[in-house]
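J.: Sequence:
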Amino acid sequence: MTLKPLALWAAGLLALLLVAGAGYFSLRVSNRQAAAPVHSLRPDDPQVLRVGARIYAQQCAACHGARSEGQPSWRDRGPDGLLPAPPHDASGHTWHHPDEQLFAITKQGLAQLINQPDYRTAMPIYGGVLSDDEIVAVLSWIKAQWPPEIRRRHDEINIQYRQSLSR
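Per UniProt numbering, numbering of the sequence shown is gapless, rising by one per residue and ending at 167.
Misleading hints may appear alongside valid ones.
As the list claims (entries may be wrong) - Cβ-Cβ distance ranges computed for the label pairs, FRET-style:
no., residue 1, residue 2, range
1, E149, P72, 21 to 27 Å
2, H96, P72, 27 to 33 Å
3, R153, D80, 31 to 37 Å
4, V129, V38, 15 to 21 Å
Rather than coming from a laboratory, the hints here were simulated on the basis of the structure.
Cβ atoms here follow ideal geometry from the backbone N, Cα and C, with glycine treated the same way.
Please put together the full structure from these sequences, using the hints given.
T.: Okay, structure coming up:
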């Protein structure tokens with residue numbers, strides 16, 4: 001008779017542990033999936049690049065230059081306290097950032113990405129102006145202009161970034 005209540009208690013405890021463990025595992029998997037990059041650039045897709053080239057010419061070239069050369073003295077703040085538009089070619093720092101960060105900067109702005117709402121920049125926020133696919137297209141076109149070595153290094157940055165999300 002004394003074993004029956006003990007067995008029920010042990011079964012209940014085991015059930016509780018299984019439910020808690022399943023919940024923990026489910027949370028870990030859903031967090032990884034939520035954090036997984038979903039805006040990978042496609043610099044080898046000719047159709048995406050045609051769209052990206054058109055959008056770059058319309059939306060980006062006025063500041064970043066027709067050849068992605070950026071504005072002069074782009075590392076020095078102007079009289080307004082803002083940094084000029086940086087180059088998107090191999091001489092700039094665009095390729096130092098993973099796809100997801102480039103997408104976030106373009107769509108939501110740098111201030112949101114760095115969690116500093118008061119950060120000022122001349123870069124427009126393109127969420128509501130361009131669709132997600134259009135943002136990917138223009139960023140893909142920019143990447144397609146980089147030399148093979150820079151593209152390879154950017155691919156490595158993306159791999160490292162994705163690995164950091166899965167930890």
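J.: Compare the structure with each hint and give your call.
T.: Cross-check of the supplied hints:
no.	hint	result
1	E149 to P72: 21 to 27 Å	holds (26 Å)
2	H96 to P72: 27 to 33 Å	violated (21 Å)
3	R153 to D80: 31 to 37 Å	holds (33 Å)
4	V129 to V38: 15 to 21 Å	holds (20 Å)
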